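Here are the chains, one letter per residue:
Number of protein chains: 2
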Amino acid sequence: MGLVVIGGVAAGLSAATRARRLDPRLEILVLEKGPVVSYGACGLPYLVEGRVRQPEQLIVYTPEYFRKERNIEVRTGARVVSMAHARRELVLESGARVRYDRLVLATGARCDTCGMAGAGQPHVFTLHTLEDAGRMRRFLAEKRPRRAVVIGAGYIGVEAADALRRNGLRVTVLERSANALLRDDPQITLAVRRVLEEHGVELRCGIPVESIEADRAAGVECDMVVLAAGFKPNIELAVEAGVEIGRTGAIRTSERMETNLAGVYAAGDCAEVTHRVSNAPAYIPLGTTANKTGRVAGANAAGGRERFAGVVGTTIVGIFGVGFATTGFSSEQARAQGFSPVSARVEGLSRPGYFQGVKTTVELVADRASGRLVGGSVIGEEGAAGRINVIATALGARLTVDEFEQLDLAYSPPFATVWDPLLIAAQQLRNAW
Amino acid sequence: MGLVVIGGVAAGLSAATRARRLDPRLEILVLEKGPVVSYGACGLPYLVEGRVRQPEQLIVYTPEYFRKERNIEVRTGARVVSMAHARRELVLESGARVRYDRLVLATGARCDTCGMAGAGQPHVFTLHTLEDAGRMRRFLAEKRPRRAVVIGAGYIGVEAADALRRNGLRVTVLERSANALLRDDPQITLAVRRVLEEHGVELRCGIPVESIEADRAAGVECDMVVLAAGFKPNIELAVEAGVEIGRTGAIRTSERMETNLAGVYAAGDCAEVTHRVSNAPAYIPLGTTANKTGRVAGANAAGGRERFAGVVGTTIVGIFGVGFATTGFSSEQARAQGFSPVSARVEGLSRPGYFQGVKTTVELVADRASGRLVGGSVIGEEGAAGRINVIATALGARLTVDEFEQLDLAYSPPFATVWDPLLIAAQQLRNAW
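Chains A and B, in that order, are what the protein sequence lines are. All you need for my numbering is the position in the first sequence, starting with 1, plus 43. All you need for my numbering is the position in the second sequence, starting with 1, plus 43.
Please note that a few of the clues may not be correct.
If several chains are the same, the list does not tell them apart, and a pair holds so long as it fits within one copy or across any two.
[As the list claims (entries may be wrong)] Straight-line alpha carbon distances no greater than 25 Å define the calculated DMTMM-like cross-link-like pairs of lysine to aspartate or glutamate that follow:
id	residue 1	residue 2
1	186	132
2	76	287
3	402	99
4	402	287
5	186	256
6	402	298
7	76	445
8	402	279
9	76	185
10	76	298
11	76	107
12	186	446
13	186	99
14	402	424
15	402	253
16	402	425
Honestly, the hints are just simulated from the structure, not real lab data. Computed from a predicted structure; not experimentally measured.
Here chain A stands alone, though its shape is the one from the complex:
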C-alpha cells in the first residue's frame, strides 16, 4: 500500500484527500477505529443541544464517497494496535496486517480524565465522537436528568454546559485550574463566569475532581457528568514504533509535518506544532489546525513540498450567544514565555448605537522589548470572530503595536464604529507603554 492514514476524521481525511489531489495514482488507505468517518467534531455540542437534529448533519462524506469519488479506500472499525516501522507494517485489532510505504498518523486525542474513579458509570460522558454525542442525546431523552456537572471549563466544557442548560438542566462547571478557556487570564474568566451566571450556570474554578460518585462529583449533586478536561494526544502507537515525542507530550513534527521517522507524518490532535509568537513547540489541538496539518502531511506524503508555518493559537467559543475569542498569549502567558508584557483593555461598541451596536471588549498584549504584539482577546455578541482574526493576522505578520495602530480597517455605520475598538485598544496600549 502506498499511503496509509491512521484516523478518519479531520486531519486524516484532509491528508488522504490532499495526497490524492497531488498524485492521482497513489494507493491510499484510511483506517478509522470508529464506525463513521469525516464528521464535524466541533459540531457535537450542537447535536447535544438539539440545534443539529440528526448526527448525519455533521457527517460530511461517507466511506463510499471516498471510494467512488476520490479513489480512497476507507475502512471503519479498523483499530491499529501495533506498528512496526522497520517492516513498514501495521497490525489491526482484527489481526489483519497492513503494509505502508508512507504513513500519516492522525490518531487524535482523548479525554485524560477518563481513567478517573467512577468514570465508567452510565451517567458519565465524554463529548469527543459522534457516538458520544448520540449516547448523551439518548440519555437526556430517556433519563431526563436535572442536574449536570461538567468537569473542565475549556471550549468543550463550556459548550457542553451551554447545550445542557438549553436542555433545561441545572449545570455546574468545575475547573481544576484558576481560569476558564485554557487561558491564564483572570479577566476572561470573570467575563465567562458572568455570562454563565446570567444564564444560570455556575462556574467553580480551582476545584480538582478525583472521583465521580453515583449522585455527585466533588460534592456537587448531579445525575449526569460530562468529562471535558485533560485532553491528551494518542501517541502510544507512535511511541511503540520509535516516533519521537516533543516536550509538549505530542508527536514532534517538522514544518513538513514529518516525524523523526522518514516517510512517517503526523497531523491533527496527536501532533505538536510551532507557536509562531514564541517560536516554541505547542500543543493546541483544534479543528482548524487538524485540517491544515493534515493537508500538509498528505501533500508531502504524496511527494509534494508543502509546509505548515505553525499556529498563533487563535480560538473562539460561543457561550450563550457571546463570543469569547483569544489569540497569542495573555499577559500572564506572555510573561511565562519570557516576554515583558504590556497590555490595554478597552470596551467599545461593535457598531454605532443607532445601529444597535453591542459592547465589545478588546485586549491587546505587546512585548515591551520588541514592541511586537504577542496576543489579544475579543469578547462580544457580534464581530468577535472578525476582530480576533485581525489580531491573529497581525500576530502572523509579526506586527508591532505602532504598525497595528496604522491598520486601515473598514467603517460604515451598519458594520463598525469609525474608531474600531481594535484601534482604540492600540492607542491605549501605546499610552500604557
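Fit chain B to the known structure of chain A by using the hints.
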C-alpha cells in the same frame, strides 16, 4: 492664536482634540462654516432612511462641550474666505481677521456636479451635511415624491438609493462610469446590480448626466434627484495661499500631514494620502481616514511627532443588508498600477449550514511578480467587515499569498467554517498562479 483649525467635522475636531491632549496650554480655535460641528456624516443616509430619527443623534459634541470640557474655542457660521500665509492671517466672510501660528486645513470636499445645469432646483439634493439630510427628510415628508434618480453609484449614491427605496420611492441610479462603488470591477458591479434589482432599484452604468430637468434626468422621469457623484476636495483657500496640490488634485501632505508650508497641515477629505499598496499618492476621502489624519495633523501641530502610514483603501457599504467590502486594488486597478494581477474568487459560507451560514464571496488579488497580495473584496450578509479587515491587515503587513494562506483564523460553528472562505480563496489563488 496658537492653533487654528479650518473645519469642524471629523478631521478638524480630531486635530483640535489631539492637539489639546498633547499641549494643555495651547490656544486652539476651530472655524466651521456650517451651523453645527462634530456630526457623523457617514450616518446621513440613515437619517434620510428614518432609522436615525433625529439629526441630534448624529451630533457627537456641541461647541459648548468643546469650550467647557476641552478648552477649545469653536465658532460656527465662520466661513474662511481668504488666507495669507505670509502674515499668518485668515479673513472670514464676516470680515473678521484671525491670526494663527499653526494651521490645520480640514476644509473637506464637495459634490463636483453641483454646478450641473438644473442642480439648483428645489427637488435636487446632495447628501453631504446635516442640513442636506434634514432638507431631504422634509422634502420626503411634505412633497411625497414617488420617483427618485440618484446620480452616482459610489457609496453615498447606493446608500441614498437604499434609504429612498425604504421610504417607498421608485429609484434609478445613474452612474457615469462602467462600474459601481468607485471600483473598476465588473463582478462587484454585477453583484451590486443584483442586490439593487432584488429590491426594486435600477442601476444604469455608463450614463453621464449633463443636466437635470424639472421632471427628469438623463431621460429618466423623477420628482427628486440626489447628486452623489464627483467628490472634489475643497482646495481653493489652500491654493490661494500657496499650498501645493498633489497629482490627485487634493492637498499634498507629508506623512506628518504637513503641507509644503511650514506649520500648515491638512487632513481629511481635502488631503492626499499615500496608498500603501502602490506607494503612490491617493485621494480616497473616508471618515476613518479623516479621523486618523486629523489626529496626526493635530498632534504634530501641537509639537508632537506622529505619522500617518497611509491607506490601503478599505471600504464597506451596506446595500439592503448585504455588505460590499473592498480593499487594495481590483485586478483592473492593479494592472493600471503596474502590477501583474492574478486573482481567485470563491463562494463559501459565513458559518456552517446548521448555523444558518450565508453565502460569502471572497476575491483575492495578488501580484504575480512579487507574490504579494494587492487587493480583495468580500460580499455577504454577515462577516464582510471582519473578513475584509483580515485582507486589509494583510495588505498593511505586505503579506504574500503564501503567508496569507498560513493565517491562523478563528473557528467554531457559531462563527465560521473550519476552512474560512478567505483561506479557500488563498488556496485557489495559489492554484491559479
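Q: Go through the copies and call it for residue 402 and residue 287: within, between, both or neither, with a Cα cutoff of 25 Å.
A: Close neither inside one copy (47 Å) nor across copies (43 Å); limit 25 Å.
At most 25 Å between alpha carbons: which applies to residue 402 and residue 99, within, between, both or neither? Only across copies: residue 402 and residue 99 sit 22 Å apart there, 37 Å inside one copy, limit 25 Å.
Practice task
Please work out whether the CA atoms of residue 186 and residue 256 approach to 25 Å or closer within one copy, between two copies, in both situations, or in neither?
Solution key: within (17 Å within a copy, 76 Å between copies)
At most 25 Å between C-alpha atoms: does residue 76 with residue 107 qualify within a copy, between copies, both, or neither? within (17 Å within a copy, 73 Å between copies)
Q: Classify it for me, residue 76 with residue 298: is the Cα-Cα distance of at most 25 Å met within a copy, between copies, both or neither?
A: neither (27 Å within a copy, 61 Å between copies)
At most 25 Å between CA atoms: does that hold for residue 186 and residue 132 within a copy, between copies, both, or neither? neither (45 Å within a copy, 85 Å between copies)
- Task: Could you place residue 402 and residue 279 in one of the four classes (within, between, both, neither) given a Cα distance threshold of 25 Å?
- Result: Cα proximity of residue 402 and residue 279: none, with 46 Å in one copy and 43 Å across.
Up to 25 Å between alpha-carbons, please classify residue 186 paired with residue 446: within, between, both or neither.
neither (56 Å within a copy, 51 Å between copies)
### residue 76 and residue 445: within-copy, between-copy, both or neither at 25 Å Cα
Neither, since 50 Å and 35 Å both go past 25 Å.
Next on the checklist: For residue 76 and residue 185, with the copy left unspecified, which applies at a CA distance of at most 25 Å: within, between, both, or neither?
Outcome noted: Neither: 28 Å inside a chain and 73 Å across chains, both beyond 25 Å.
My question is about residue 76 and residue 287: at a cut-off of 25 Å on alpha-carbon distance, are they close within one copy, between copies, both, or neither?
within (23 Å within a copy, 73 Å between copies)
Exercise. Given identical chains, is residue 186 near residue 99, meaning Cα to Cα at most 25 Å, within a copy, between copies, both, or neither?
Worked result: within (23 Å within a copy, 58 Å between copies)
Hints 1, 4, 6, 7, 8, 9, 10, 12, 15, counting from the list given before, are not met by this structure.
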